[in-house]
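*Asks:* Each chain, letter by letter, is given below.
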Amino acid sequence: MSAQDLVARAQKWSKEQPWRLFGSQISILVRNEVRRNLFTRRRIGIYLLAFIPALIILIDDIFGRSSIDPAQIESKTQVLAGIVQLYYFRLGIFFACMAIFTWLFRGEMVERTLHYQFLVPVRREVLVIGKFLAGAIVAIALFETAILACFSLTYSRFGSAGKSYVFDGPGLGQLWSYLLVTALACLGYGSVFLALSLLFKNPIIPGVVIMGWEAIAPIFPSWAQMLSVTFYLKHLCPVSLPITGPLAIFTVVAEPVSPLIAVLGLVCLSIAIVALSCFLIHRVEITYTAE
Amino acid sequence: MTPDARQIVFENVSKFYGEVLGVNKVSFSLGPGITSLVGPNGSGKTTLMNLLTGLIRPSRGSISVLGLTPQQPIEFFRQVGYCTQFDSFPPGTKGYDFIYWPLRLHGFAHDQAAKLTNEALERAGMAQMARRKVAGYSKGMRQRIRLAQAIAHHPSVLVLDEPLNGLDPMARAESIALFEAIAKQGMHVIISSHILEEVDRISDRVVLMSSGYVVAEGQIREVRREVREHPMQILVRCSNAARLAGAAFELDHVVEAKILDDGRGVLVRTRDAEQFYLLLNKIVSGGLVEVDAVAPADDDVNSIYQYLIGSDGGPA
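So the protein sequences, as listed, match chains A and B. Residue 457 is where the first sequence starts when you use the working numbering, and the numbers rise one by one after that. Residue 1035 is where the second sequence starts when you use the working numbering, and the numbers rise one by one after that.
If we strip away everything but chain B, and leave its shape as in the complex, we get (with noise of 0.2 angstroms):
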């Protein structure tokens, strides 16, 4: 197997809507697991879920995924299932009808397709409601429903479209250990989500855009460090709050070291975090600081939106 046929691959891939640009010039090359779209309204997400999978065509570059294109529908949509944000249904259609035919359409037979329509009934939780129209859903309902048919098949890429619009905390708690435990079958996953900490906790990778552009790529740590205008935070909770603060002010790339309102830590901010990191083994290691503990304050996907697309544009 080729290493294209694992991987989503965007190769100098451009969009224009007549004059308006949808996506310039984006390319990246995506393994299994759980990759996030990220940035605001009009950023490019939508078109690029929609490039991704055939709805529309790119005007320049190409797209593979697992090394099969759109123009090989059969074998492309048996690998792929895709959320949309479109929020309408087929008129007069019941849950279970909008998962069946579908699958009726791949190839399955009758029986085939009923235990395959249960089965993703059951895993979106709308096996209860399948007998109703989608007409009287709730919009969680509706947006399980199209998870419910996105997955039916057991596509090896699943893309979703902001899957957790319009669900409660428990639906969207469900959700994403679904997404998850699809991810960990080694399977691809890329979502557009504007809830950043629920994105945060859940990608191995985050794809950043704003205005059509992709402007960062990669694991979060990566693209945190890659940002080195915005000094690292790293928050040190300690017993010798003073100590650690005085120690950390003489190393050149400490910018600043606030002691936290309760003394028993710090929140050093550093342009060079390997560098603290040494200081700190040494501190400790000498018995001046007794630290409880140690973590990055600023390399969750929520810091580096802002830092990379700022808080102009709003969240998507």
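If we strip away everything but chain A, and leave its shape as in the complex, we get (with noise of 0.2 angstroms):
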């Protein structure tokens, strides 16, 4: 077959079927993605984000060997939570975010090679959703990891005590939660950074911005605080923080929702941001010098 009926062919083949076209572009696009972002010496910033909470556990459990008593599970327990709620989903996986969702189009714009995407027969939208799910696999991948060694290293050095709290207790039913609230938070605050990569050349301040917004938000009416991706992830928590003072302003539950409203919420969160990105999409422009 010649290169001309190899053309004409694909053309009809996509004229004929856009979906398929769509379905195969976002599976390319992510799989190159996922590959320049994961698999690099780069990325060892987000590597340390994520992983210095396990690392911790870990010399404490090595050099800390004498506090195994089983008593102390609920203890260990209520520190995870900490980890989790206090340093994941405020610090850790925020960060990881901005890096990785910023990155998508504020990095090649820096490298100059966000012309090649711009001039292949790709929609814009479906660059931006394809992206997008790179950065998420990615982001979800290495905290589900990190957050997975947290939880085995805190119950292993417990023993058949520990097996028994995650297996026969509620530790299963904590982790899965977990997992689930950190795909969830890589899910909104990855929406909230590809959006703020679009609008400004800077999206680091905005960043601060909308930390400070994460931080205060409960001090707002409730529509307000539906605004914040950390509103969707306190109700989704399976332990609470014994906190008081001005620090329990990052875990109090102003108003319950359940947590079929708040995973709902957050995933229409996400996806209305997302929609704001393909539209920003097309504002852009290759002026690589004004970068």
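Just so you know, these hints were derived from the structure itself, not from any lab. Think of the CB as a built atom: it goes at the ideal place given N, C-alpha and C, for glycine as much as any other residue.
Pairs of lysine to aspartate or glutamate residues, derived as EDC-like cross-links and limited to a Cα-Cα distance of at most 20 angstroms, are as follows:
#1 B:Lys1292 <-> B:Asp1326
#2 B:Lys1128 <-> B:Glu1153
#3 B:Lys1128 <-> A:Glu567
#4 B:Lys1167 <-> A:Glu564
#5 B:Lys1128 <-> A:Glu564
#6 B:Lys1167 <-> A:Glu567
#7 B:Lys1173 <-> A:Glu567
#8 B:Lys1218 <-> B:Glu1208
#9 B:Lys1149 <-> A:Asp461
#10 B:Lys1218 <-> B:Glu1232
#11 B:Lys1173 <-> B:Asp1202
#12 A:Lys468 <-> B:Asp1145
#13 B:Lys1292 <-> B:Glu1308
#14 B:Lys1292 <-> B:Asp1306
#15 A:Lys468 <-> B:Glu1109
#16 A:Lys471 <-> B:Glu1109
According to the in silico footprint, chain A covers these stretches of chain B (three or more CB under 8 angstroms from chain A):
#17 1079–1088
#18 1123–1132
#19 1147–1154
Reconstruct the complex from the two isolated chains, following the hints.
*Replies:* And the structure:
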């Protein structure tokens, strides 16, 4: 078959089955982006953000072998809840998503390679969705592995008591909740930072503003809280933290909502923000000299 | 098929970067063949190419390429291939992957994309280096791998921003032959280049740009004829140069007739080339002078560039 025949055949196929073309384009974009984002030395900072708590727990495991009294399982469960809710959701996932998702487009502008993405027969919306999914896969894979590591290290030190807590007690349910909330946090923060990277040349300052908003949102009316990612995450956390004083603002649940509403709410918020990114990408022009 | 479906049409296109002018009020229509964009640095050539391919949007006016716009990316980028001047590549990319993956995004299956990739690599003379990382390529190789990517999907419109930069003479000749072959297939090839001699040799028409404006556009000879303030130079190689020079001086429109140093020809500057050719016919048919060769001496891109843009800006 000649090259012209191949071209004509591909054109016919894409006209007849546009949705299959979009699907195939998204899978190619995801594959290439994941390879570029996950397996690279430049991501060492993000690996550190994800695995520092696991490393600290491991060091505590090695040097603090005396404290393996099964009675301490409850207190260690509180510590793990603190790590997930205060470190991962407020800092680790937040900053990692900032690095991963803002780099999807902004990084290509900096490296002067974005024009290659704009010169292929791919709708820009498809490009946004492909890149977002790739970023989400990278962030979710990294942080779910990290949380799984923290969880395993926390309970493995207790031997059979720990095993019993996980498999016969509430442990496994908590793990599933943490994994679900982590995935939702990655989607929520990811969509926010993707949109910020298309709105601002330097998304760090708006990122700090978002961080501030996420912290103070609980003092606002419930309709305003619904515009923050942590509003939904807090409702899904399986262990509540007994924090009092000013720090309680990070954990307090002002108006409880059902887990289903929380999941759907965050998914809808993420979809709405990705849809905004699909709109914003049409404004992007290749003017590398202005970067 | 409407005429616009075979043309590249710019209608009153302006582009401003804030306060800075990119291009202003550009209107023209290009048919198949090789069109060269010529002008000094900052004249707006790359802006025009980026507008054409949708990398930037016009502040005013409209652009259509074979009846399509970049807002229809699937149809548009099947027809258009753009080899940009940006000398940057995705980190860690190998030459083969650089061409293969965009073809997969076109919708080609693995074996089809592989076939087209190998064909493009062969055409650009990069088959031997395809499995190496682009980061290790020379400037000429990087230029050729970008060219290979631009032609891999057999576009109908090929846009090339300074495609001969960094190429050695052999690669340059091969690239020019490739552009000519593509143009002969009825495709549009739009080239910006500062190597005016080569542009002159291969172009069917030129678009001369200066400070964001199109100062002239059309076939090179037509454009030359339009430049009336500079008399046309005609070189005549003949047996009796003095007699021809004398006869030429009798014509009002001849402003200069200079006998060449070897005495075997005359360089005539005239405001009416047609009248001079009539005189030359008369002289030749009268047997007064034996003419070996007649050729316009300044209807090339270089001369037109000098006349219209001047040497102040320097070549683009």
